[in-house]
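*Asks:* Just so it is clear: in the sequence shown, position 147 is 147 by the UniProt record's numbering, and no numbers are missing.
Derived by calculation from the structure, the hints in this document are not laboratory data.
Where is the CB? At the ideal position from N, CA and C, for every residue including glycine.
Possibly wrong hints are sitting among the right ones.
Stated by the list, open to error - Here are the simulated distance ranges between beta carbons:
1. C305 x M79: 35 to 41 angstroms
2. Y262 x Q299: 20 to 26 angstroms
3. E294 x D16: 52 to 58 angstroms
Unchecked claim - Mimicking DSBU-like on lysine-lysine, the simulated pairs with C-alpha atoms at most 35 angstroms apart in a straight line are:
4. K306 x K283
5. K150 x K40
6. K78 x K218
7. K198 x K306
8. K40 x K78
9. K218 x K198
10. K47 x K218
11. K218 x K150
12. K283 x K218
13. K162 x K198
14. K47 x K78
15. K283 x K162
16. K150 x K162
17. K162 x K40
18. K306 x K218
19. K198 x K150
20. K198 x K78
21. K218 x K40
22. K218 x K162
23. K283 x K198
24. K283 x K150
25. K150 x K306
26. K78 x K150
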Amino acid sequence: MNGRFATSGNPLLHVDLQIDEHEPRRGILELLSRLRPQWKATDIQMKTFTEGITNQLIGCYVASLQEPGCVLVRLYGKMTELYVNRDREVEMLQVFHTHGCGPQIYCSFQNGICYEFVRGTVLDDELLRQPSIYRLIAAEMGRIHSIQPKCGPPVEPFLWTKMSHFLTVAQSSVSKSPVATQEVPSFETLSVELESLKRHLSQVDSPTVLCHNDLLTKNIIYNHKEGEEPEILRYRERTYTTDSKLINLVFFFFGGVNEVNYGLYPGPELQRDWLTAYLESYKRSTGSEVTVTEAEVTQLYVQVCKFSLVRAFNYWFSFVTGQITKQNNKKNTKNIQDIQ
Numbered sequence: 001m002n003g004r005f006a007t008s009g010n011p012l013l014h015v016d017l018q019i020d021e022h023e024p025r026r027g028i029l030e031l032l033s034r035l036r037p038q039w040k041a042t043d044i045q046m047k048t049f050t051e052g053i054t055n056q057l058i059g060c061y062v063a064s065l066q067e068p069g070c071v072l073v074r075l076y077g078k079m080t081e082l083y084v085n086r087d088r089e090v091e092m093l094q095v096f097h098t099h100g101c102g103p104q105i106y107c108s109f110q111n112g113i114c115y116e117f118v119r120g121t122v123l124d125d126e127l128l129r130q131p132s133i134y135r136l137i138a139a140e141m142g143r144i145h146s147i148q149p150k151c152g153p154p155v156e157p158f159l160w161t162k163m164s165h166f167l168t169v170a171q172s173s174v175s176k177s178p179v180a181t182q183e184v185p186s187f188e189t190l191s192v193e194l195e196s197l198k199r200h201l202s203q204v205d206s207p208t209v210l211c212h213n214d215l216l217t218k219n220i221i222y223n224h225k226e227g228e229e230p231e232i233l234r235y236r237e238r239t240y241t242t243d244s245k246l247i248n249l250v251f252f253f254f255g256g257v258n259e260v261n262y263g264l265y266p267g268p269e270l271q272r273d274w275l276t277a278y279l280e281s282y283k284r285s286t287g288s289e290v291t292v293t294e295a296e297v298t299q300l301y302v303q304v305c306k307f308s309l310v311r312a313f314n315y316w317f318s319f320v321t322g323q324i325t326k327q328n329n330k331k332n333t334k335n336i337q338d339i340q
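My request is simple: use the sequences and hints to build the entire structure.
*Replies:* Right, dumping it as structure tokens:
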């Protein structure tokens, strides 16, 4: 057992333990003997949550999941380290918790982490559209985007570097997939479009902010009984990008994830209401005058609409990934994960 330093300067507990993803109970009990020594092994109950796409989530408790002190164990999916920087992911959890925007992380181990279990309701597509809920989400995003780096050079948005990388990886993968080659534009065409997109959107005066990186609807928990701000649970490595791009991503998820219906993409009235709550929270968190003008809302609305073009481009990457998966899953595993 050893430690590594958290963002706050306090060492984070690291347990030198590999938990069997197929039979995790034994390893989790060993982990809990250090985190919750007062718990009797015979009393410990575990619940596996099925919403995770790449990781396995297991809630651990002795009486009820609604009691304080419950622990959430996350077992990393195989090969997810190829596209997720785990050290920066832990750093993200620490930064958000320090600012009151996320759960406390208890420890890391060889193939996962343990952190605080947050009680509440997992959001779904219907809840996401309720004004009382989406305004709280907007306010929480405003708080997150107000978090500033402590030191170092000015941060730059990672968006264009990442998209260029995606395009390069996709080029290699598409060339090995006959179906994908027939269904998508050529690499040269997409390169020209990406450069045009970058040239146009780089002129948009959109602030660079802390990026959540995994803002799926199921990653948001709302405790309606306590009336608290919603908590965004799942974080990936800390990066920075434009606020307009991140907000557009939230609007994109209004249409669903597994069964996408673009007819549910929010209209101008809902977007402006959401943006007003966001700007009020952002200003409050940065110590600015909280009053938000119609002109400010309109400016951000236009910027967010422009960044919807990025989502259209990312949809192509998702399509390529799906086609390659169907054609040759084993041969292209690493390339597929790089694209994701």
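*Asks:* Between K40 and K78, does the CA-CA distance stay at or below 35 angstroms?
*Replies:* holds, 31 angstroms
*Asks:* Run the distance test for K47 versus K218: straight-line Cα separation, threshold 35 angstroms.
*Replies:* With Cα atoms ~17 angstroms apart, K47 and K218 stay inside 35 angstroms; holds.
*Asks:* Tell me if the straight-line CA distance from K78 to K218 falls inside 35 angstroms.
*Replies:* Holds - the C-alpha atoms of K218 and K78 are around 21 angstroms apart, at most 35 angstroms.
*Asks:* Note whether the CB distance of E294 and D16 lies within 52 to 58 angstroms or breaks it.
*Replies:* holds, 57 angstroms
*Asks:* Holds or violated: K283 with K198, Cα cutoff 35 angstroms?
*Replies:* holds, 28 angstroms
*Asks:* For the range 35 to 41 angstroms, tell me whether the beta carbons of C305 and M79 fit it or not.
*Replies:* holds, 36 angstroms
*Asks:* Please verify whether K283 and K150 have alpha carbons no more than 35 angstroms apart.
*Replies:* Cα-Cα ~19 angstroms, so holds.
*Asks:* Between K162 and K40, is the straight-line Cα distance small enough, at 35 angstroms or below?
*Replies:* violated, 47 angstroms
*Asks:* K198 and K150 were given as a pair; does the straight-line alpha-carbon distance stay at or below 35 angstroms?
*Replies:* holds, 28 angstroms
*Asks:* Between K283 and K162, is the straight-line Cα distance small enough, at 35 angstroms or below?
*Replies:* Holds, because 29 angstroms separates the two Cα atoms, which is no more than 35 angstroms.
*Asks:* Next pair to validate is K198 with K306; report whether the Cα-Cα distance is within 35 angstroms.
*Replies:* holds, 11 angstroms
*Asks:* So if I understand the rule, the pair passes when the alpha-carbon distance is 35 angstroms or less; does K306 with K218 pass?
*Replies:* holds, 26 angstroms
In summary, the structure is inconsistent with hints 5 and 17 from the numbered list given earlier, while agreeing with the others.
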